[in-house]
Amino acid sequence: DTGVSQDPRHKITKRGQNVTFRCDPISEHNRLYWYRQTLGQGPEFLTYFQNEAQLEKSRLLSDRFSAERPKGSFSTLEIQRTEQGDSAMYLCASSFDGSLGEQFFGPGTRLTVL
Amino acid sequence: QKEVEQNSGPLSVPEGAIASLNCTYSDRVSQSFFWYRQYSGKSPELIMSIYSNGDKEDGRFTAQLNKASQYVSLLIRDSQPSDSATYLCAALRRNAGNMLTFGGGTRLMVKP
Chain A
3 DTGVSQDPRH KITKRGQNVT FRCDPISEHN RLYWYRQTLG QGPEFLTYFQ NEAQLEKSRL
63 LSDRFSAERP KGSFSTLEIQ RTEQGDSAMY LCASSFDGSL GEQFFGPGTR LTVL
Chain B
193 QKEVEQNSGP LSVPEGAIAS LNCTYSDRVS QSFFWYRQYS GKSPELIMSI YSNGDKEDGR
253 FTAQLNKASQ YVSLLIRDSQ PSDSATYLCA ALRRNAGNML TFGGGTRLMV KP
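Heads up: the sequence lines are chains A and B, in that order. Residues 3 to 116 (the working numbering) are what the first sequence spells out, left to right. Residues 193 to 304 (the working numbering) are what the second sequence spells out, left to right.
A portion of the hints provided could be inaccurate.
So the derived label-pair ranges between C-beta atoms look like this [claimed, not checked]:
#1 B:218 to A:87: 25 to 31 angstroms
#2 B:208 to A:56: 34 to 40 angstroms
#3 A:10 to B:232: 15 to 21 angstroms
#4 A:14 to B:246: 44 to 50 angstroms
#5 A:12 to B:200: 24 to 30 angstroms
#6 B:203 to A:9: 32 to 38 angstroms
#7 A:82 to B:232: 26 to 32 angstroms
No wet-lab data here; the hints were simulated from the structure. What you are looking at is a predicted structure, and each value in this text was computed from that prediction instead of being measured. For every residue, glycine included, the Cβ atom is placed at its ideal position computed from N, Cα and C.
Input sequences plus hints: build the corresponding full structure.
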């Protein structure tokens with residue numbers, strides 16, 4: 003399977019704990035995006051990488067959130083001191099330079115904060 | 193006003209009919225538009241993209257774009273029960289971090 007992969011698929015944690023999610027983009031894609039989706043809403047943009055550079059961050063990305071893409075391949079999204087309001091589906095997408103902006107999503111990580 | 197707006201539905205159509213899904217956007221700088229299909233509990237799946245005014249057809253799907261009216265639509269011909277899902281409209285501005293701005297989605301129900 004050469005699509006976007008995410009791990010874990012589900013995460014249940016207690017309030018105050020830290021969690022980390024991983025995303026592996028489609029291999030030839032140099033652009034990687036993180037979105038968050040809550041029930042009944044469309045995905046909301048969190049952050050964007052071109053290769054290893056983080057070029058854009060949403061104001062939704064509070065200082066408890068950090069994302070990295072150290073070698074321009076996979077990316078991690080960490081949430082520190084989780085809150086119940088962080089419960090959502092965290093989606094990763096990728097695209098490549100020269101495309102017309104088409105982004106392909108991974109299966110998502112569903113986070114539940116108790 | 194949301195940047196991308198969709199009627200949340202549900203839109204109910206009988207099997208074999210044409211389903212018409214609509215989307216409006218507020219940012220005139222938006223350059224590309226996408227339709228994603230999302231089944232319950234799953235991630236969005238790209239089904240159509242459109243960049244120029246007019247129609248674009250792909251199988252049973254036709255996307256329509258009218259930049260003057262800031263309006264995007266998706267027509268699904270010969271609707272099947274397997275088309276029942278939430279359809280998300282998204283707009284992209286290349287000078288805004290290449291981020292997609294999504295509408296809230298329209299839930300489509302195709303009844304056998």
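Identify every previously stated hint that the structure contradicts and give their numbers, smallest first.
The structure breaks only hint 2.
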